[in-house]
Amino acid sequence: MTTAAARGPLALVLHQARFDVRAFIRNRQARFFTLILPLLFLVIFTSVFGNDIVGPGDTKASAFYVPGISAMAVIAASFINLVISITVLREEGILKRRRATPVPAWALIAGRTLMAIAVSAASVVVLLLVGRFAYSVHLPARHIPGFAITAVVGSITFCVLGYAFSTAISNEDAAQPMVQAVMLPLYFISGIFIVPTQLPVWLRNVAKVFPVQHLAHGLQHAFQPGTTGIGIVWSDLGVLGIWLAIGLGVALRRFSWLPKAATG
Amino acid sequence: MSVHGLRKRYGQVDAVAGIDLQIERGEIFAFLGPNGAGKTTTVEILEGFRTRTSGEVSVLGVDPANGDAAWRDRVGAVLQESNAEPGLTVRESLQLYAGYYRAPRDIEETIALAGLDEKADTLAPQLSGGQRRRLDVALALIGDPELIFLDEPTTGFDPSARRTAWHVIEGLRQLGKTVFLTTHYMDEAEELADRIAVIAGGRIVAEGAPGTLGGRNRMASTIRFTLPEGTGADDLPPDLRALLAGDDGRVTLTTDTPLVHVRALAEWALERGIDLPDLDVRRPTLEDVYLELTEEPA
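Residue numbers (this note's numbering), protein chains in the order written: chain A, 7 to 270; chain B, 14 to 311.
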C-alpha cells in the first residue's frame, strides 16, 4: 500500500480534505449552519422582499438575495465552520497529536481549506439552483467564471481569516457566539440581508472596510443586467486580497497548534 | 535517548533544573513525579513541542528541537490531553493517521493489537474512556515508531480498564519498542517499567529498577502485631525489644532481617501459648519510597 505521504504533497492534501469532509458531513450542527441555514434565509428573504423593484431595468431584490446569501454560505462554510472546528480540535489536543506525526503543517491547513472550498461550492450550487428554478434568478453563463473565481477567492480569504480569528478564542464554548457576534452585523450592513440600495450611504461606507461587503458585492455583480466581461469586480478581489494578507500575517504570528487552556 | 543538564526556566523559576537521563533501546522507562514536578515540561521538550533553556537532548540521535518529518516518522506519542477525532470511526481515524506516514503498520493488525476489533466501525468519540485511550495508543503506533511516549496513559481509569491498557503496553515490549511512560501511579510503574526515574522540584531524586529504587531493597521491613490482654511489649525477648519502633496498642518492630525476627517472635509466642492473629510483615512499597523521595520540605 502506498500512503498519501509517500505519493507526494497533492495526495497528502487530498487525503486530509477527504477525511475533513467526512467529519463535516457527520456533524449535524455544522451541516445545519452551513447548508440549511443559508437556504432558509434565501427562502425567507426572497419570499418577503423578492419581488421589490430595487434597481434600474426592473431589477428585483431576489437578484440580490441569491448571490448575497451565497456569500453568506461561503462565509459560513469557510469562516464560521472553520473557526469553530479548529478551536475544538485545538482545545481537545487533536491538532497537537496530528503535529506529533510527520504530517507537515501546510498539508493540514491546505486540506482543511480545500474542504471549506468544496463545502462552499456545494452550498452555493444548491442556492443557485433554488434561485434559478424557484425564483427565476439567472446567472448568465458568461459570468459563471467571474462568479466562481470570486467565490473561491472569498472562501480562501475567509479560511485564512478563520485561522487568524481562532487565535483570539480561548475555548470551544466561546467560538460559536464569537463568530456570530462578528458576522451578524456585517451581514446586515453588507447587502446580504438588506439590499444594498436600501442602506444609508454612511452604513455602506462602513461596510466597505470589511471583506463581507466585497464578497457579496462581487457575487451580486455577476447577476446585474449591465455587467460585461466574465462578471468579475477586480476592486472587490483586491480588497479580499488585502484581508487575506492581513489574516495571513496574524495567523502566522499567533496561530498555535497547542491547546490554549494547557499552555496558559 | 540521552539527556544532559536539561533545564527549562519560566521567569525566575526552573521548572526543570538540570536533569540527566539515559534510556536504552527496547526499554520501558517510567518517569514518575507529583504534579508540577517538571514531568510534563520534560516530556514536551523530548517530544519537540517545547523549547529548552539549556542542556543537551538527543532522541533517536536527533535534537527534538530540530525534529523533522523523518524523525517524527520514528517517534509516536500518546498525549495526556488528546481527545478522539470527531466524526471519524476507529478505522477511519487510523486510516487518516496512516496516510501521514510513509511506511505505516497494517491498520487491521493495529486495531487488533489495541483490542478494538469489535469497535472498528464505532465513531471514536462514542468510545469509553479506556477504549479511547487504547485508540490513542493505536494512533501512536500506526506509524510503526521505534520510540513511544505515553503521557499518563491510565489517569482516571477504573481498575479493569487499567489492566487492559497495561496489557496493551506490555504488547509494545514484545514489539521491541522503546517506551517512555509518564505516570503518577506507583503500581503502574512497578508493573510495567524496567527502570524508573523520579522527578521532584525539577530534579531527578532517584533512578533505578522498581525493586531497588531509592534503596528500597535495603530499607527496613516492619513487623506489626497486637499482644493479648495482660502481655506488654516489655515481655518480649530482649533482641526483639531492641527493634521496637512503636506501641500504640499495636506493636511495630523494624528490621533488616525480617525472617530471623519473625521466627524469634513465633517461638516466643508459641512457648507462651499466645496467638498473634493480626501479625503482618511488610516490605516498604514503591509508594512508601516515592512519598519519601518526593516529600516537600516542611
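Among these hints, one or two may not hold up.
Claimed, not checked - Calculated Cβ distances over 12 Å to all of chain B for the following chain A residues:
id : residue
1  : T9
2  : A12
3  : A17
4  : H21
5  : Q22
6  : V27
7  : R28
8  : F30
9  : I31
10 : L101
11 : A106
12 : I123
13 : T233
What the hints assert, rightly or not - No more than 20 Å apart at the CA atoms, straight line, and that leaves these computed lysine to any residue pairs for SDA-like:
id : chain 1 : residue 1 : chain 2 : residue 2
14 : A       : K266      : B       : Q93
15 : A       : K266      : B       : T64
16 : A       : K266      : B       : S234
No lab work stands behind these hints: they were computed from the structure.
From the three backbone atoms N, C-alpha and C, an ideal C-beta is built for every residue, glycine too.
So, going through the hints one by one against the coordinates:
Listed as outside the interface, T9/A is inconsistent with that label: its C-beta sits roughly 5 Å from the nearest C-beta of chain B, within the 12 Å cut-off. With a minimum CB-CB distance of about 5 Å to chain B, A12/A fails to clear the 12 Å threshold, and the non-interface call is violated. The Cβ of A17/A sits about 8 Å from the closest Cβ of chain B, inside the 12 Å cut-off, so the non-interface label is violated. The non-interface label for H21/A is inconsistent with chain B: the shortest C-beta to C-beta separation is roughly 4 Å, within 12 Å.
Against chain B, the non-interface label of Q22/A is violated: not every CB pair exceeds 12 Å, the least being about 8 Å. The beta carbon of V27/A sits about 10 Å from the closest Cβ of chain B, which is not more than 12 Å, so the claim that it is off the interface is violated. For R28/A, the condition that its CB be more than 12 Å from all CB atoms of chain B is violated, with the nearest at approximately 7 Å. A Cβ of chain B approaches the Cβ of F30/A within 12 Å, the least distance being about 7 Å, so the stated non-interface status is violated.
Remark: the non-interface label on I31/A conflicts with the geometry, its nearest Cβ contact in chain B lying 8 Å away (cut-off 12 Å). Some Cβ of chain B comes within 12 Å of the Cβ of L101/A; the nearest lies about 9 Å off, and the non-interface call is violated. Once the 12 Å rule is applied to beta carbons, A106/A is inconsistent with being away from chain B; the minimum gap is 4 Å. Even its closest Cβ contact with chain B, about 19 Å, leaves I123/A beyond 12 Å, as expected for a residue assigned away from the interface.
A cut-off of 12 Å between C-beta atoms confirms that T233/A is not in contact with chain B; the least separation is 40 Å. Only pairs whose Cα atoms come within 20 Å are accepted, and K266/A paired with Q93/B is accepted, the gap being roughly 15 Å. With a C-alpha separation of about 17 Å, the suggested pairing of K266/A with T64/B holds against the 20 Å cut-off. Only pairs whose Cα atoms come within 20 Å are accepted, and K266/A paired with S234/B is rejected, the gap being roughly 47 Å.
Hint compliance for this structure: hints 1, 2, 3, 4, 5, 6, 7, 8, 9, 10, 11 and 16 are broken, all remaining hints hold.
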